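**Student:** Residue numbers (this note's numbering), protein chains in the order written: chain S, 714 to 937; chain Z, 294 to 537; chain A, 150 to 770.
Just so you know, not all the hints are guaranteed correct.
[Stated by the list, open to error] Calculated cross-link-like contacts (lysine to aspartate or glutamate; reagent style EDC-like; alpha-carbon spacing at most 16 Å):
hint : chain 1 : residue 1 : chain 2 : residue 2
1    : S       : 718       : A       : 652
2    : S       : 862       : Z       : 500
3    : S       : 862       : Z       : 517
4    : S       : 862       : Z       : 448
[Said to hold, decoys possible] Partial pick of chain S residues on the chain A-facing surface, computed with a CB cut under 7 Å:
hint : residue
5    : 734
6    : 925
7    : 927
In case anyone wonders, no lab produced these hints; they're calculated from the structure. These figures come from a predicted structure and were not determined experimentally. Just so it is clear, CB atoms sit at the ideal spot from N, CA and C, and this is done for glycine as well.
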Amino acid sequence: MNRSKSLGVALASVLLGGGALALAGFALASATPHQAALNCVPSQSAPNTCNLNLSTFPDSMAGEQGKDGGVHPDWVSYSNDNLVVPANTTVNVTIDQYDSGGSLNNAFFDQVMGTVGGTATIDGKTVSSVDPTNVGHTFTLRGIPGSGKTMFVSVPLPADSNTQSVNIGQGQYTKPVVVQFSFKTGAKGVYEWNCEFPCGSTREGQFGEAMSAYGYMSGTLTVN
Amino acid sequence: MSTSTNKQSLKGMLWTWAALTVIGVIIGLYAPAWIMPKSMSNNMHLTILTMVVFTVAAAPVAAGVYATALFALTRWTHKGNDVPSAGPAVRENAMVVTTWLVVSTLLTVFLLIWGLGALAVDNGSTGKNPLVVDVTGQQWVWSFSYPGTHVSSPDLYLPLNREVEFRVTALDVTHGFWIANMGVQVDANVGTITTIHTTPDKLGTFDIRCTQFCGLNHAFMVTEGHVLTAQQFTSWLASQPQRA
Amino acid sequence: MTTTLEQAKTAAIPQGGGLHRRLNMATAMIGGIVFASLFWYLAHHFLDATSRTYSDEVAGSLTIGWIVGFWLGIGAFVAPLRWLIGRDNTRADDLYLAGQGQGTSRYWKFTTDHKVVGVQYIIMTMVLLGAGGILAMAIRTELIVPGNHFVNQQVYNGFIAVHGMLMILALIVAVAGPWGNFVVPIMCGARDMAFPRLNALSLWTLVGAAGLLLTTLAVGSLTMGWVVLEPIADQAGVGMDFFAMAIIVFTVSTTVAGVNTICTILTMRTKGMTLARLPIFVWGAIIAAALGLYAFPYFSLVEAQTLMDRTFSTSFFVANAGGTGWLQANLFWLMGHPEVYVILLPAVAALFEIAAVMSRKPVFSYRSAVAGMTGLAGLSILVWAHHMFTTGWAPTLGGPFMLTTELISIPTGLFFLVLIGTLWRGNIWMKLPTIWMFGFIANFIIAGVTGIYLSDIPLDDQLHGTMFVTAHFHYVFVGSVLFGAVSALAFWYPKVTGRFLNEFMGRISFWLTFIGVQVTFLAMFASGLRGMPRRYSSYAFIFEHTNLMTTIGAYIIMAGMLVLLGAVITSWNKGEPAGPNPWHANSLEWMVPTPVPLENFEVLPVITEDPYNYGEELVRS
Ligand SMILES: [Cu+2]
Ligand SMILES: [Cu+2]
Ligand SMILES: [Cu+2]
Numbered sequence: 714m715n716r717s718k719s720l721g722v723a724l725a726s727v728l729l730g731g732g733a734l735a736l737a738g739f740a741l742a743s744a745t746p747h748q749a750a751l752n753c754v755p756s757q758s759a760p761n762t763c764n765l766n767l768s769t770f771p772d773s774m775a776g777e778q779g780k781d782g783g784v785h786p787d788w789v790s791y792s793n794d795n796l797v798v799p800a801n802t803t804v805n806v807t808i809d810q811y812d813s814g815g816s817l818n819n820a821f822f823d824q825v826m827g828t829v830g831g832t833a834t835i836d837g838k839t840v841s842s843v844d845p846t847n848v849g850h851t852f853t854l855r856g857i858p859g860s861g862k863t864m865f866v867s868v869p870l871p872a873d874s875n876t877q878s879v880n881i882g883q884g885q886y887t888k889p890v891v892v893q894f895s896f897k898t899g900a901k902g903v904y905e906w907n908c909e910f911p912c913g914s915t916r917e918g919q920f921g922e923a924m925s926a927y928g929y930m931s932g933t934l935t936v937n
Numbered sequence: 294m295s296t297s298t299n300k301q302s303l304k305g306m307l308w309t310w311a312a313l314t315v316i317g318v319i320i321g322l323y324a325p326a327w328i329m330p331k332s333m334s335n336n337m338h339l340t341i342l343t344m345v346v347f348t349v350a351a352a353p354v355a356a357g358v359y360a361t362a363l364f365a366l367t368r369w370t371h372k373g374n375d376v377p378s379a380g381p382a383v384r385e386n387a388m389v390v391t392t393w394l395v396v397s398t399l400l401t402v403f404l405l406i407w408g409l410g411a412l413a414v415d416n417g418s419t420g421k422n423p424l425v426v427d428v429t430g431q432q433w434v435w436s437f438s439y440p441g442t443h444v445s446s447p448d449l450y451l452p453l454n455r456e457v458e459f460r461v462t463a464l465d466v467t468h469g470f471w472i473a474n475m476g477v478q479v480d481a482n483v484g485t486i487t488t489i490h491t492t493p494d495k496l497g498t499f500d501i502r503c504t505q506f507c508g509l510n511h512a513f514m515v516t517e518g519h520v521l522t523a524q525q526f527t528s529w530l531a532s533q534p535q536r537a
Numbered sequence: 150m151t152t153t154l155e156q157a158k159t160a161a162i163p164q165g166g167g168l169h170r171r172l173n174m175a176t177a178m179i180g181g182i183v184f185a186s187l188f189w190y191l192a193h194h195f196l197d198a199t200s201r202t203y204s205d206e207v208a209g210s211l212t213i214g215w216i217v218g219f220w221l222g223i224g225a226f227v228a229p230l231r232w233l234i235g236r237d238n239t240r241a242d243d244l245y246l247a248g249q250g251q252g253t254s255r256y257w258k259f260t261t262d263h264k265v266v267g268v269q270y271i272i273m274t275m276v277l278l279g280a281g282g283i284l285a286m287a288i289r290t291e292l293i294v295p296g297n298h299f300v301n302q303q304v305y306n307g308f309i310a311v312h313g314m315l316m317i318l319a320l321i322v323a324v325a326g327p328w329g330n331f332v333v334p335i336m337c338g339a340r341d342m343a344f345p346r347l348n349a350l351s352l353w354t355l356v357g358a359a360g361l362l363l364t365t366l367a368v369g370s371l372t373m374g375w376v377v378l379e380p381i382a383d384q385a386g387v388g389m390d391f392f393a394m395a396i397i398v399f400t401v402s403t404t405v406a407g408v409n410t411i412c413t414i415l416t417m418r419t420k421g422m423t424l425a426r427l428p429i430f431v432w433g434a435i436i437a438a439a440l441g442l443y444a445f446p447y448f449s450l451v452e453a454q455t456l457m458d459r460t461f462s463t464s465f466f467v468a469n470a471g472g473t474g475w476l477q478a479n480l481f482w483l484m485g486h487p488e489v490y491v492i493l494l495p496a497v498a499a500l501f502e503i504a505a506v507m508s509r510k511p512v513f514s515y516r517s518a519v520a521g522m523t524g525l526a527g528l529s530i531l532v533w534a535h536h537m538f539t540t541g542w543a544p545t546l547g548g549p550f551m552l553t554t555e556l557i558s559i560p561t562g563l564f565f566l567v568l569i570g571t572l573w574r575g576n577i578w579m580k581l582p583t584i585w586m587f588g589f590i591a592n593f594i595i596a597g598v599t600g601i602y603l604s605d606i607p608l609d610d611q612l613h614g615t616m617f618v619t620a621h622f623h624y625v626f627v628g629s630v631l632f633g634a635v636s637a638l639a640f641w642y643p644k645v646t647g648r649f650l651n652e653f654m655g656r657i658s659f660w661l662t663f664i665g666v667q668v669t670f671l672a673m674f675a676s677g678l679r680g681m682p683r684r685y686s687s688y689a690f691i692f693e694h695t696n697l698m699t700t701i702g703a704y705i706i707m708a709g710m711l712v713l714l715g716a717v718i719t720s721w722n723k724g725e726p727a728g729p730n731p732w733h734a735n736s737l738e739w740m741v742p743t744p745v746p747l748e749n750f751e752v753l754p755v756i757t758e759d760p761y762n763y764g765e766e767l768v769r770s
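Extracted from the complex, chain S is given alone in its bound form:
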């Protein structure tokens, strides 16, 4: 083969290979499940506050995992994992907690941290900490260190001991514990949150399965 022909083959290799890779990349990016964003929109009357309603379930029948609970209908789940809130706003969060619970592996997370006033209300009662041996999940949100975007919010969600049953979606649950708290959003950016109660299966620290899979017990909080 002469030089120009070789050059042509070289160019064709790069273009064909690169093109195939780019196509595969687009296919992959669009195949990765994206849950619909849960937007926290301020009302006209109160432009600097907005409300965010979440739930935690003992399975995946009522959340956003898809029909019949998706691939793992028996995994614990948050109702939403893709939260979008405005910057410099007070976010009022209400979490309906439908799951049973047990002991935290680190009692440190029995405290309410980083909320407005350092407190949360649990079924109407204002508290700054809960019983560490009776927790269902936590909502733990952290900032982006090294970027000046500090934020640390951690609220324990007590175990649900109600007996009255309710139906949501395809799931059947008991009446929830209602946890309410507020926090202020800072700078724009994508923050990560997850649950710090060991609610996944497998031995090491009970952090497998739902805890180690994207979109069950963790998610993002996009501030924009």
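With chain S's structure known, arrange chains Z and A with the ligands on it following the hints.
**Tutor:** Quick look at chains Z and A with the ligands alone, frame taken from chain S:
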């Protein structure tokens, strides 16, 4: 190749070697301090110094190889497409091999002595009333508690110029406790306590990053730390909620 | 000689073969899938579905089914079974198995001819490198900017585990596989490997393992690096069972291949081929094979224990149940460090060979070359805990392990001495193999110097677990081993195909890859020095610029590799004809015709001197 051109080319190689060595030494002297994070502890000074010393020591060696390779490429290559005639049939040169072995052994001994010395300094606790901090790693947050004070915090606060003893453990899987600005790193293991010492010597904020892959949110297991004056530190401790 | 060549081309398919006439890669896949389904069904049916380890038990059974079915389907057990029932292979059966007269179809079968196995390893290496490379591009695409935009962190974590493992497998076989099989027996003056059927078995076992490894991504939930860190691997989903079984199967392959290589070199040399007259590449092959025989059983062991923890609820590594991750780390690195030299030694030895031929000089200080390789192999089994300096395990052993690790720079220094000594004042023929060899020299210096930083404990306390380490071993694996492997490919390609690897495309590929490696991994060093840990799916803003540079560099490497792939494919049938001895070299593989006939030699040669007598008499034509 005649002897005279050979001598010339060796002279040129020496010059190339010298020039490359100088470049290497300059990189060694300035690059580490320029790229690495701001030093905030005694360990970190030693870390950066070691980086500088090793780079400077490696410069002449690397320059020697590069100079020879460059010379091979420019002076010893065969032009044209035909088969080159044979080169000099040198199979062995006891002097060269011996010299090479002696020099590389000496360099290794130097590295070793430096390493052991630095290790002694690096690991040595001053034993002067260290502040003990219990560090707990779990998926995917750090928490810190100060024994004897009933204070726990999601961020790390340290007083200036006082030795700190970190007692590190983990609750679920192995994590890596690393303060890039202080040159200290140790794994957080389940069921075991590992200990490291350092003395912060600059005020300011730093990041603590997890260096042992720990699953889903490993990349987000990052926490801020602060070095405060002794006075600020005492008042910070007093302002924190007390836990049983 | 010509008659043999004609025979090779026109030889009819022998009458024998028996069942092998019907078996090939497709039946192997079908066998694997059928048996995997069967084992899955049985496990599903008979195991206790309420058990915590149920899904792992089912996954483990399925993977065993896959490999058993794959072996049966490719015909790995046909000959031993025939021997058992008293109908041992006839000469015609063996000739059929060796692929006589079967054209290209023999590459997709359980063919025993060492040259066919060599070519199969070339294909295998390219497939593994390609798959690992695609994952590398996905990883770098995710890391263009902070945040998880391309894939989420769960998918990303799976990518880093499988990318690492695929690339390690690819590089273990990259030089030793193709050339340890294709040229080593001819270099020794043998008609084939000592155990031709075992040779085919090792290749097809590797294919089976690679199949398992590639499916792990689809099964998913991998939450560990390629080092299969415990205790976190205990948290992973069923993909982990596939991963562990893939590694166990892979170690079967390396063990079989290692024994075969060693036996071939020790017992199959022709008359006069003393150890001191062996081409230096053969030394590299046997030392690497011996080191692999020592190292890989640890890998098998550690993954078997991982599987037992996951399926039988043992607790070797489960700290909460009394085990320890340090045990896993020790066993893993007992394999992990020697493994680096199993990868490196064949590449280095091939470069010694290439340096001698291309600079028209004897290998400088043959004894130093052998001593350096042996010394490196010996030392490498004593250094494993340098991967554990920061784990907190046995801090008092830090000093001794720092000593053994730093001693490594002495044999490594000998490699440079031999390479440079061989090039010294030579008449260096600047062809493709030579160019990639110079790339190796430039990169291996950087790999070596940064390795010294990491061997020093106070520095390792800063750099361990960061992108600095990642950049260091990528300079070893990409910058050095891959360059050595391409050099070897360009050098022996004419022997395989009778044609040169396209010189011009090879040069374009070299420059793209060489520049790409510097951009990618120098920037990665900077990320690590600045403080970016490894295996991060997202990073702080201070690492933005260096990560962007790394991604750009990685794309350039990809372009370089694609050009190389294009050159390999197009030159196979259309390249410039090369003749039997295009480099005018003296070792035996260049003395036989191209294509090399079945069983290599019509009459076994008698050796009277080593192949490096350049300049001592006129170069033989
Ligand atoms: Cu939870
Ligand atoms: Cu971690
Ligand atoms: Cu090592």
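**Student:** Is the shortest C-beta separation between residue 734 (chain S) and chain A less than 7 Å?
**Tutor:** Holds, because the Cβ-Cβ distance from residue 734 (chain S) to chain A comes to roughly 6 Å (cut-off 7 Å).
**Student:** Against chain A, is residue 927 (chain S) within 7 Å by beta-carbon distance?
**Tutor:** 4 Å, holds
**Student:** Is the straight-line distance between the alpha-carbon of residue 862 (chain S) and that of residue 448 (chain Z) 16 Å or less?
**Tutor:** 14 Å, holds
**Student:** Between residue 718 (chain S) and residue 652 (chain A), does the CA-CA distance stay at or below 16 Å?
**Tutor:** Given pair residue 718 (chain S), residue 652 (chain A) holds - Cα atoms ~12 Å apart, limit 16 Å.
**Student:** For the pair supplied as a hint, residue 862 (chain S) and residue 500 (chain Z), confirm whether the alpha-carbon distance does not exceed 16 Å.
**Tutor:** 13 Å, holds
**Student:** For the hint on residue 925 (chain S), just tell me whether its beta-carbon gets within less than 7 Å of chain A.
**Tutor:** 5 Å, holds
**Student:** Mind checking the alpha carbons of residue 862 (chain S) and residue 517 (chain Z) for me, to see if they're no more than 16 Å apart?
**Tutor:** 11 Å, holds
In the structure shown, no violation is registered for any of the earlier numbered hints.
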